[in-house]
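Protein chains: 2
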Amino acid sequence: MMSEQPAAVKLIGWFGSPYAHRAEVALRLKGVSYELIMEDLSNKSDLLLKHNPVHQKVPVLLHGDRPGICESLVIVEYVDEAFDGPSILPSDPLARAAARFWASFMDTEFRESMWMALWADGEAQAAGAMETKAKLTLIEGQLTEGKRFFGGDTIGYLDIALSGIAHWIGVFEEIAGVRLLTEEEHPTLCRWAKEYTGDETVRECLPDKDRVVAALAPRKELYVSIAKALTGHK
Amino acid sequence: MMSEQPAAVKLIGWFGSPYAHRAEVALRLKGVSYELIMEDLSNKSDLLLKHNPVHQKVPVLLHGDRPGICESLVIVEYVDEAFDGPSILPSDPLARAAARFWASFMDTEFRESMWMALWADGEAQAAGAMETKAKLTLIEGQLTEGKRFFGGDTIGYLDIALSGIAHWIGVFEEIAGVRLLTEEEHPTLCRWAKEYTGDETVRECLPDKDRVVAALAPRKELYVSIAKALTGHK
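Chains as they are written, first to last, in the numbering used here: chain E, 1 to 234; chain P, 1 to 234.
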């Protein structure tokens, strides 16, 4: 391309997705101008299928004419590396490793326990709730005393990775009728959640909780059926 | 510390682990001197439990007196960032994103299909084998024509992440009595696997296949029982 304009940035997202939120916050923290393309998840676009043929999921980041970038945490690292602006990942390799470790923990172990705590019933639900709370305690332990964010004084990679805890747990608690994150049991994490959701950059792209509840509530039966199937092998 | 010596590097591993192999290859590619501590997985050491209390798994990298670094791919990125030597990740952000995407694919979607293909029976096994082969084709498609490795002319991050395909698939195929990766169906991937396992640096830390088969064969029943439980919700 001969143009001197920077390559256009487009984000394929969905308003209620915690994963699309991660990508959007990263772009905003970097001060990148982007076009947000809202995907209809019940009728996926050719654009989404073309750029994320493997998972067919949002978010997908398009930067110029090059292939789309998929998976929310991969997008956050890409945004940090490809654009100027404040660093999202810490600069110290050990701190980077710790942030990546806990982000991965969030998307695997934590997510699995939370699913059972929200959507299973009986013993499997009780066990899931206990595990989820223990894992919230582990995550809370990563907040350094006196720091507002996991990233220190400003929002960083791990804050973004944990945004599901800051905002979406409340959504799912309401749909499921279960409480997992409380001031009594996790005061420091609740304090952080308020800092995160109250941050000006975050607020610009944080979906309204009631609207997300309304959009996701019809999926409750699906969530419950998955939890039931998973209960068999726990 | 007042010492002028570089901080000691220790890797807690296990001889047959594809995940420990990733960490070890990364250290060797960087030319880092390290002490390999072989863990007894049936009687885990206090050192392992101290440094990886969350997962209690190998590999764990210890660099000086600082906390241990856990999770193989996190360790590979740490080694790339913390030590001099040839770069393991590509320098272009888009290529880095693609490498991270496929590494994550390997450890989630691919691993799940392969598990069923190896250890399930009946329809679940057949479906798993079909999925595994389709995913091998997707992975094979990431090899650029004329390049020896996913990383280009030298071994890089994605080659390391996929080392399980280069070496361990053969181990599990032998224990399970199933063939998944063949010259007929995936000639380019088989060519790459030979390049990878034949590389001098890799060979220095690649465990003997027969020894790994002997060590892992007693776990077959466990693997089969997990696949049986998983079959319920597929």
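These are calculated hints, taken from the structure and not from any lab test. Careful, some of the hints might be misleading.
No copy is singled out in the list; a pair is fine if it fits within one copy or between any two copies.
20 Å max Cα-Cα, derived EDC-like pairs, lysine to aspartate or glutamate [to be verified]:
| id | residue 1 | residue 2 |
| --- | --- | --- |
| 1 | Lys57 | Glu112 |
| 2 | Lys57 | Asp107 |
| 3 | Lys30 | Glu145 |
| 4 | Lys57 | Glu131 |
These numbers come from a predicted model, not from an experiment.
Status of each hint after checking the structure:
Taking CA atoms no more than 20 Å apart as the test, Lys57 paired with Glu112 passes in both settings, with 19 Å inside one copy and 18 Å between copies. Taking the shortest Cα distances, Lys57 and Asp107 sit within 20 Å of each other both inside one copy (15 Å) and across copies (18 Å). In the homo-oligomer, the alpha carbons of Lys30 and Glu145 never lie at most 20 Å apart, since the shortest distance is 26 Å inside one protomer and 35 Å across protomers. With identical chains, the CA atoms of Lys57 and Glu131 are at most 20 Å apart between copies only, with a shortest distance of 19 Å across copies and 28 Å within one.
Hint 3 from the earlier list is the only one contradicted by this structure; the remaining hints agree with it.
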